[in-house]
Amino acid sequence: MWRFVLRRVLQMVPVLIGTTFLIYVAVFALPGDPIRALGGDKPMPPSVYEALRHHYHLDEPLIEQYGRYLLGLVRGDFGETLNGQSVASLMATGWTVTVQLALTAWVFELVVGIALGVLAGLRKGGIIDSLVLSGTTFVIAIPAFVLAYSAQLIFGLKLGWFPTAGTDDGWPYSYLLPGIILGSLSLAYIARLTRTSLVENMRADYVRTALAKGLPRRRIILRHTLRNSLIPVVTYLGVDLGNLLAGAIVIEGIFNLPGIGQQIFQAVQIKDGPTVVGISTFLVLIFLLANLVVDILYGALDPRIRYE
Amino acid sequence: MSEAGSDTLAVAQTGSDVAGASASLWSDAWRALRRRVVFWVSVVILVVMALMAVFPSLFTDRGVNDRCDVRFAKHAPSSWNPFGAGGHPFGYDMHGCDYWAQIVHGARAPMIVGFVVTGIALTLSITLGSLSGYFGRWLDALISRITDIFFGLPLVLGALVILTAFPAHGVWTMSLVLGVLWWPTMTRLMRGQVLSVRDADYVQAARVLGAGDLRIMARHILPNAIAPVFVYAMLNVGVVIGYEATLDYLGVGLQYPTVSWGLQLSQAQDVFTDYPYLLIYPAVLLTATVLSFLLLGDAVRDALDPKLR
Numbered sequence: 001m002w003r004f005v006l007r008r009v010l011q012m013v014p015v016l017i018g019t020t021f022l023i024y025v026a027v028f029a030l031p032g033d034p035i036r037a038l039g040g041d042k043p044m045p046p047s048v049y050e051a052l053r054h055h056y057h058l059d060e061p062l063i064e065q066y067g068r069y070l071l072g073l074v075r076g077d078f079g080e081t082l083n084g085q086s087v088a089s090l091m092a093t094g095w096t097v098t099v100q101l102a103l104t105a106w107v108f109e110l111v112v113g114i115a116l117g118v119l120a121g122l123r124k125g126g127i128i129d130s131l132v133l134s135g136t137t138f139v140i141a142i143p144a145f146v147l148a149y150s151a152q153l154i155f156g157l158k159l160g161w162f163p164t165a166g167t168d169d170g171w172p173y174s175y176l177l178p179g180i181i182l183g184s185l186s187l188a189y190i191a192r193l194t195r196t197s198l199v200e201n202m203r204a205d206y207v208r209t210a211l212a213k214g215l216p217r218r219r220i221i222l223r224h225t226l227r228n229s230l231i232p233v234v235t236y237l238g239v240d241l242g243n244l245l246a247g248a249i250v251i252e253g254i255f256n257l258p259g260i261g262q263q264i265f266q267a268v269q270i271k272d273g274p275t276v277v278g279i280s281t282f283l284v285l286i287f288l289l290a291n292l293v294v295d296i297l298y299g300a301l302d303p304r305i306r307y308e
Numbered sequence: 001m002s003e004a005g006s007d008t009l010a011v012a013q014t015g016s017d018v019a020g021a022s023a024s025l026w027s028d029a030w031r032a033l034r035r036r037v038v039f040w041v042s043v044v045i046l047v048v049m050a051l052m053a054v055f056p057s058l059f060t061d062r063g064v065n066d067r068c069d070v071r072f073a074k075h076a077p078s079s080w081n082p083f084g085a086g087g088h089p090f091g092y093d094m095h096g097c098d099y100w101a102q103i104v105h106g107a108r109a110p111m112i113v114g115f116v117v118t119g120i121a122l123t124l125s126i127t128l129g130s131l132s133g134y135f136g137r138w139l140d141a142l143i144s145r146i147t148d149i150f151f152g153l154p155l156v157l158g159a160l161v162i163l164t165a166f167p168a169h170g171v172w173t174m175s176l177v178l179g180v181l182w183w184p185t186m187t188r189l190m191r192g193q194v195l196s197v198r199d200a201d202y203v204q205a206a207r208v209l210g211a212g213d214l215r216i217m218a219r220h221i222l223p224n225a226i227a228p229v230f231v232y233a234m235l236n237v238g239v240v241i242g243y244e245a246t247l248d249y250l251g252v253g254l255q256y257p258t259v260s261w262g263l264q265l266s267q268a269q270d271v272f273t274d275y276p277y278l279l280i281y282p283a284v285l286l287t288a289t290v291l292s293f294l295l296l297g298d299a300v301r302d303a304l305d306p307k308l309r
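Line order of the protein sequences matches chains X and D.
Residue numbers are given in my numbering: position 63 of the first sequence equals residue 63, and the series is strictly consecutive.
Residue numbers are given in my numbering: position 244 of the second sequence equals residue 244, and the series is strictly consecutive.
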């Protein structure tokens, strides 16, 4: 097991270097003038332009620039906003909100998603199955921000069940509606994954064996089939974090939750390029680390992976 | 009709021509497919949307941002029934342009982005996936590591970073950026498919008969490995269109003189409580399009995979 963990961690290193290099090249080194892009629409005096060029070390060779950038990332330096505040300290004020939102969404999608998937998979082709399939397709097809605005209008403004914006009511009440909307896309995928793999596993030999030796259906489903069916769901959780983080940008913007996502959202609105890049890079790193954890968990759950 | 849709039909039909009475995979799928209502409904919706994108003049006599009058800005349609609302079935947008005309013109950008991104990703993934699956060894290791790196960039975040760095981008630049980010999942899928048929008996037979690598890949492996990747690509067009709208909404996507559904939704966001029709109409068209691609892809997958029947 430890050899497996070590191998996965070592495999992560080139990926980390590769993704940060990609981001760096895309943002700071490709043709097109990043300094003017950072300034947005306003024209920039030449002296400011030169100073900024020097400030971002764009007058040095690429590999040296990248090395400096990577060293900064290791030290937790994600650059500065256009106002000169460090992006790291900006994020420090927002991360609790984002974590609360993501956790709410995560619990919701896991519990409801798996339950729906099991209900649908047990009676393939039945009414519940058709409802779950069509409902999830519909959720996948609607862009999250349209869903969020509709929910805000209907459940927030018209019916008054939930607060429409802000975090004044604290966790969990303020986070319920945004969390449900944020989790709904992943819920659709989780329900479908659970359903498909449950249907496949129901036909497996070990289920027939269990049935033949007279185990009750309930026990077969809960102890034998469901456990095996959840393996693909665990794999999905890593990818899913990418969805949640990206979704948080949209949802926090709409529901006015002062988290990291809203900071990106506002930075885009005021064309504050360095903030967008700094926070996104941080989120990419979080995404990679979470995937590493999921990979290792996956190895612990399924011995076949460990010895491949 | 959508490109993906017509391709299936074409392949399915030639499949049945070539195979004659005996059922090939594609002709068998086509026979199962043409009995399904879902298939025809989504094909019809996509044909209409594609016509809007290619020949907007069939649906409206106005051009892009044409004959706009600020005095009519945000005039709601006189009736929720578009057929009973006179000459301006969807009312006017924020700048006083006829909303129906703007929405018709808004179909082109998402369609182009959807197909170009999927096209780029499909080309890259078929090439890289085949090379990596077929030749294995160091080439596989190299391609797989590069795939890992791109896989580490979640789509919205990656697109957000790159598109922020290029504020002045049109439909084509945006497609290129998304296409370059989009290929890893499909490449992994393609590689897995190639691996699963690489050592089949008929491939061995072809090799013993003296077929070269290129011929084996093109004539024997590709036709037997492509189906799932192709289905994924079809679903993917819809997913890309949804992402395009989200990026427009966030403000890093397309910009003003271009019209697109995502941009219209983005402009409607601040006023939608008072003028919900500004949000609803483009949202309905966008959702119908994405939904059709998803349902079409699902139907084709069901038809192609006998295990799911």
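Treat the hints loosely; a few may be bogus.
[Unchecked claim] Which stretches of chain X does chain D cover? Using the computed rule of at least three CB atoms under 8 Å from a CB of chain D, they are: (1) 15-25; (2) 132-140; (3) 185-195; (4) 219-229; (5) 269-275; (6) 279-289.
[Claimed, not checked] Distance ranges between label pairs, derived from CB positions: (7) X:Pro45 with D:Val64: 33 to 39 Å; (8) X:Lys124 with D:Trp172: 28 to 34 Å; (9) X:Ala204 with D:Val284: 54 to 60 Å; (10) X:Asp205 with D:Val41: 38 to 44 Å; (11) X:Met1 with D:Val284: 40 to 46 Å; (12) X:Leu71 with D:Gly136: 35 to 41 Å.
Think of the hints as simulated: they come from the structure by calculation, not from any bench.
Note that the structure is predicted; figures quoted are calculated from it, not measured.
We put the CB at the ideal spot given by N, CA and C, even for glycine.
Against the structure, the hints:
For the region 15-25 of chain X, the stated coverage by chain D holds: 6 residues have a C-beta nearer than 8 Å to a C-beta of that chain, and at least 3 were required. Residues of the region 132-140 of chain X with a Cβ under 8 Å from some Cβ of chain D number 3, which satisfies the need for three, so the listed coverage holds. Using a Cβ-Cβ cut-off of 8 Å, 0 residues of the region 185-195 of chain X lie near chain D, which falls short of the minimum of three, so the contact claim is violated. Residues of the region 219-229 of chain X with a Cβ under 8 Å from some Cβ of chain D number 0, which does not satisfy the need for three, so the listed coverage is violated.
Here's how the region 269-275 of chain X fares: 3 of its residues keep a CB closer than 8 Å to some CB of chain D, so the rule of at least three is met and the hint holds. Only residues whose beta carbon comes within less than 8 Å of a beta carbon in chain D count, and the region 279-289 of chain X has 6; three or more means the coverage holds. Distance hint for proline 45 of chain X and valine 64 of chain D: a CB-CB separation of about 36 Å, consistent with the stated range 33 to 39 Å. Look at lysine 124 of chain X against tryptophan 172 of chain D: about 44 Å separates their beta carbons, and that is not inside 28 to 34 Å.
Judged by the Cβ atoms, the range 54 to 60 Å given for alanine 204 of chain X and valine 284 of chain D is violated: they are separated by roughly 43 Å. Aspartate 205 of chain X and valine 41 of chain D have their C-beta atoms about 39 Å apart, which keeps the hinted 38 to 44 Å range intact. For the pair methionine 1 of chain X and valine 284 of chain D, the beta carbons lie near 52 Å from each other, so the given range of 40 to 46 Å is not met. In this structure, leucine 71 of chain X and glycine 136 of chain D meet the distance hint of 35 to 41 Å, their C-beta atoms being roughly 37 Å apart.
Hint violations for this structure: numbers 3, 4, 8, 9 and 11, all remaining hints satisfied.
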